[in-house]
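So the sequence lines, in the order shown, correspond to chains A and B.
For what it's worth, our numbering labels the leading residue of the first sequence as 1, then goes sequentially.
For what it's worth, our numbering labels the leading residue of the second sequence as 1, then goes sequentially.
If you're looking for bench data, these hints aren't it; they were derived computationally from the structure.
The structure displayed is predicted, hence computed values, not measured ones.
The C-beta atom is built at its ideal place from N, Cα and C for all residues, glycine as well.
Some hints here could point you the wrong way.
[To be verified] Sample of chain B residues with no beta-carbon within 10 Å of chain A, all distances over it, derived:
1) M1
2) D2
3) A4
4) I6
5) Y7
6) G10
7) F13
8) L15
9) I22
10) R32
[Claimed, not checked] EDC-like cross-link-like pairs, simulated, lysine to aspartate or glutamate; straight-line CA separation at most 16 Å:
11) B:K34 / A:E151
12) B:K35 / A:E152
13) B:K35 / A:E151
14) B:K34 / A:E152
[Said to hold, decoys possible] Per label pair, the in silico range of CB-to-CB distance:
15) B:V21 / A:A271: 37 to 45 Å
16) B:Y8 / A:D195: 17 to 25 Å
17) A:V147 / B:E36: 23 to 31 Å
18) B:V11 / A:R327: 46 to 54 Å
19) B:G10 / A:L173: 50 to 58 Å
20) A:I386 / B:V21: 45 to 53 Å
21) B:L9 / A:V147: 32 to 40 Å
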Amino acid sequence: MGQQEGYADDVVKGFIIWSIVWGLVAVLLGVLISLQLAWPQLNFPPYFTYGRLRPIHTNAGIFGWGIGSFMAFFFYITQRLTRTRLWSPKLARFQLCLFNVVIALAAITLAMGMNRSKEYAELEWPVALLVVVLWVIFSVNIIMTIVKRREEQMYISLWYIMAALVGVAVLYLVNNVGIPISLTKSYSAYAGANDANVQWWYGHNAVAMVLTAPPLALFYYFLPKSTGVPIYSHRMGVIAFWSLIFMYLWTGAHHLLWTPVPDWVQTLAMAFSIMLIAPSWGAVFNGYFSMNGQWHQMRDNYLVKFLIFGITFYGLQTLQGPSQAVRTFSGFIHYTDWVPGHVHMGTLGWVSLVLFASIYYIFPRLYGREIYSVGMVNLHFWLAVIGQLIFSISMWIAGVQQAAMLHATNPDGSLHYSFMETMIELYPYWHARAFGGVIYFASLLVFIYNLIKTATSGKPAPVAARP
Amino acid sequence: MDVASIYYLGVTFLLFALFAVIVGRTYNRRDREKKEAPKYRMMDED
Ligand code: HEM
Ligand code: HEM
Numbered sequence: 001m002g003q004q005e006g007y008a009d010d011v012v013k014g015f016i017i018w019s020i021v022w023g024l025v026a027v028l029l030g031v032l033i034s035l036q037l038a039w040p041q042l043n044f045p046p047y048f049t050y051g052r053l054r055p056i057h058t059n060a061g062i063f064g065w066g067i068g069s070f071m072a073f074f075f076y077i078t079q080r081l082t083r084t085r086l087w088s089p090k091l092a093r094f095q096l097c098l099f100n101v102v103i104a105l106a107a108i109t110l111a112m113g114m115n116r117s118k119e120y121a122e123l124e125w126p127v128a129l130l131v132v133v134l135w136v137i138f139s140v141n142i143i144m145t146i147v148k149r150r151e152e153q154m155y156i157s158l159w160y161i162m163a164a165l166v167g168v169a170v171l172y173l174v175n176n177v178g179i180p181i182s183l184t185k186s187y188s189a190y191a192g193a194n195d196a197n198v199q200w201w202y203g204h205n206a207v208a209m210v211l212t213a214p215p216l217a218l219f220y221y222f223l224p225k226s227t228g229v230p231i232y233s234h235r236m237g238v239i240a241f242w243s244l245i246f247m248y249l250w251t252g253a254h255h256l257l258w259t260p261v262p263d264w265v266q267t268l269a270m271a272f273s274i275m276l277i278a279p280s281w282g283a284v285f286n287g288y289f290s291m292n293g294q295w296h297q298m299r300d301n302y303l304v305k306f307l308i309f310g311i312t313f314y315g316l317q318t319l320q321g322p323s324q325a326v327r328t329f330s331g332f333i334h335y336t337d338w339v340p341g342h343v344h345m346g347t348l349g350w351v352s353l354v355l356f357a358s359i360y361y362i363f364p365r366l367y368g369r370e371i372y373s374v375g376m377v378n379l380h381f382w383l384a385v386i387g388q389l390i391f392s393i394s395m396w397i398a399g400v401q402q403a404a405m406l407h408a409t410n411p412d413g414s415l416h417y418s419f420m421e422t423m424i425e426l427y428p429y430w431h432a433r434a435f436g437g438v439i440y441f442a443s444l445l446v447f448i449y450n451l452i453k454t455a456t457s458g459k460p461a462p463v464a465a466r467p
Numbered sequence: 001m002d003v004a005s006i007y008y009l010g011v012t013f014l015l016f017a018l019f020a021v022i023v024g025r026t027y028n029r030r031d032r033e034k035k036e037a038p039k040y041r042m043m044d045e046d
C-alpha cells in the first residue's frame, strides 16, 4: 500500500516542517545562550537573559525538534510496519495544531518567567495539562493503529515506539503532580530529597524515552531501508530492547551522587548505569553488523553516513554516560562544563544525525521529487559533525580543567582557586563552543535550503528512488 | 530484613525471572525463523 492508496502522510509532512521550525529556534537560542555565557553583556533583562532563554532552548530542542519529528516518524513508520492506515488522520491533524500551540505557549510562559524549576518539566500546570491531552491523543492514535494491524508480528521499531508512548506518559504524570496556588504557579507534591529523586527519575528517563527509544526506533527502521539489507539480528534487537527497558528505570539517581539521597539508591543507580552498556551496545553492534559487506555505502550513500555516525555517537555516549555515573568520576566532573559536552554529543550527534537521515529518506518520497543537491547534503553533514565536535570537545576540556581547579587544595587543605577564578579560565572554551554552534547553525541553514529547493524545484522522481 | 526489603527483593527477582523468560522465548531455537521474519518483511516496498 502506498501513499496513493491511503497512508495518511499529509500530517507527517506537517510535523516534519514544524519540527524543523522549532529545531531552528532551538539551535538559534543555543547559539545565543552560548554567546551570552561568553559575552555576558548580551543579556537583556527581563526577557532576553540566559536564565529565561536556557529553558526555552532545552524545551524547543527536546520537545519541539525531538518530539515533533518523532511524532511525524511514528505516524510514518507505524502505518508501514502494520500495513494499516492511521486510525484517525483527523485526530492527528488536530494533534499537529495542539502541538504547535503547546510549544508556543511553553516559549511564551518561560520567557515570562513562569517556571516550575524542574529541569525538562518546567511548564506550569495549565500548559502541562495540555501536554497530557496531546500525549493521550497521540498514543491512542498509534496504539489503535497497532491494534488494528494487518501484519501479525511486530518489528523491533514498534516495540520502541510503544515503550516511548507508555514511558513518557508515566514519567510525565508522576513528576508533574503538584499543588496549584494560582493559574501561573504551582508547587511540587514532593519535597526535599524525595522531590529530587522523583525529578531525576523523570529526568534520566526522559533521556531514555525521548532521546534514546524513539531515535532507536528510527535507526532500526531507516538503516535497513537505506542500505537495502535487513538488520543483522531481530532477536538481538528484541533482547537489547527489553534489557534497556528493565535497566533504565533504576538509573535516575546517578544525577544525585554525593547528595542526601540514600546511599543505596545511588549505588543501585550506579550499578544499573554500568549494566546499561550491554543493551546500548547491543543496538550499536546490530547496526555495525548490518553493515557487513556494505561498508562501501558509507562513501556512496549519504543516508548511511548520517546513520552510522549517529549510532557511533550513541555508542560513545553510552560509554561516557556510565563512566559519569561512577561516584569517583562524578565527583570530578559534576558541576562542570563536561556535562553539556555529553548532552550535546547526544542531542546534536546521535539524535539530530538520525533525524536528518530519516528526513532525507522520507522527504523525496513525500514530495515525489529527487533531493535537490547531494553536494549540499554532504556539506550539511560535515558542518554538523564538525560543529558538534568543536562544541563537545571544547566542553570536555573545559570540564576537566575546571574540575582540576575546583579540586586543587593548598597544603593546609583550603581551596587553591576561588570559583570565579575557574570561571575566568573557561572563557576561551566558551568562545570555541559558540563558534561550534555557529557552524552547526550554518549546517541547518544548508539543510533547510536543500529541502525547500527539493520541494519546490527538485526533479520528479520515482517514489522508491534510493539516494 | 524488614518486610519492605523483602518486597523490593521479591520484585527485583520477579523482574529478573520475567526477563529470563523473554530471553528463553526469543532465543528458542525452534522459533528461530519466525522470530527473525519481521526483519525481512519490513523490507517489502513501502
Ligand atoms: C548548535 C546548537 C546548540 C548550541 C550552541 C547549544 C548550546 C547550549 C548551551 C550554551 C547550553 C547551556 C549549557 C550550560 O548549562 O552551561 C545548552 C544546554 C542544553 N541544550 Fe543545547 N545547544 C544546541 C543545540 C541543542 C539541541 C538541538 C538540543 C536538543 C535536541 C539541545 C539540548 C540541550 C539540553 C538538554 C541542555 C541542558 C544540558 C544540561 O542541563 O546539562 N541543545 N545548550
Ligand atoms: C548508558 C547510557 C547513559 C548513561 C548511563 C548516562 C549517564 C549520565 C549521567 C551520569 C549524567 C549526569 C552527569 C552529571 O550531571 O554529573 C548524564 C547527563 C545527561 N545525559 Fe546521559 N547517559 C547516557 C546516555 C545518554 C544519551 C543517549 C543521551 C541523549 C542525548 C543523554 C543525555 C543526557 C542529558 C540531556 C544529561 C543532562 C541532564 C542534566 O543535568 O540536565 N545521555 N548522563
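Outcome of the hint check:
Taking the minimum C-beta to C-beta distance to chain A, about 13 Å, the non-interface status of M1 of chain B holds against the 10 Å cut. In this structure D2 of chain B is separated from chain A by more than 10 Å, as the shortest Cβ-Cβ distance comes to about 14 Å. In this structure A4 of chain B is separated from chain A by more than 10 Å, as the shortest Cβ-Cβ distance comes to about 12 Å. The claim that I6 of chain B is not at the interface with chain A holds, since no C-beta of that chain comes within 10 Å of its own (minimum 15 Å).
Under the 10 Å C-beta cut-off, the non-interface status given to Y7 of chain B relative to chain A holds; the minimum distance is some 15 Å. Chain A leaves G10 of chain B outside its interface by the beta-carbon criterion, the shortest separation being 16 Å against a cut-off of 10 Å. At the 10 Å boundary, the C-beta of F13 of chain B stays outside the reach of chain A, the nearest C-beta of that chain being 13 Å off. A cut-off of 10 Å between C-beta atoms contradicts the statement that L15 of chain B is not in contact with chain A; the least separation is 6 Å.
Against the 10 Å criterion, I22 of chain B falls within the reach of chain A, whose nearest CB is about 5 Å from its own CB. Here R32 of chain B does not stay apart from chain A, with its beta-carbon only about 8 Å from theirs, under the 10 Å limit. Distance hint between K34 of chain B and E151 of chain A is fulfilled; the C-alpha atoms sit about 13 Å from each other, no more than 16 Å. Between the alpha carbons of K35 of chain B and E152 of chain A the distance comes to roughly 12 Å, so the proposed pair stays at or under 16 Å and holds.
Of the pairs offered as hints, the one joining K35 of chain B and E151 of chain A holds, with about 14 Å between alpha carbons and a cut-off of 16 Å not exceeded. Pair hint K34 of chain B plus E152 of chain A holds up; C-alpha atoms about 11 Å apart against a cutoff of 16 Å. The supplied range of 37 to 45 Å is broken by V21 of chain B and A271 of chain A, whose beta-carbon atoms lie about 23 Å from each other. As the Cβ distance of Y8 of chain B to D195 of chain A is approximately 21 Å, the hint placing it in 17 to 25 Å holds.
Judged by the Cβ atoms, the range 23 to 31 Å given for V147 of chain A and E36 of chain B holds: they are separated by roughly 24 Å. A C-beta distance of roughly 25 Å is found between V11 of chain B and R327 of chain A, which places it outside the suggested range of 46 to 54 Å. One distance hint, 50 to 58 Å for the beta-carbon pair G10 of chain B and L173 of chain A, is violated here, with the actual separation near 26 Å. The beta-carbon spacing between I386 of chain A and V21 of chain B, approximately 47 Å, falls within the hinted interval of 45 to 53 Å.
Hint check: L9 of chain B to V147 of chain A, Cβ distance near 36 Å, so the stated range 32 to 40 Å holds.
Hint compliance for this structure: hints 8, 9, 10, 15, 18 and 19 are broken, all remaining hints hold.
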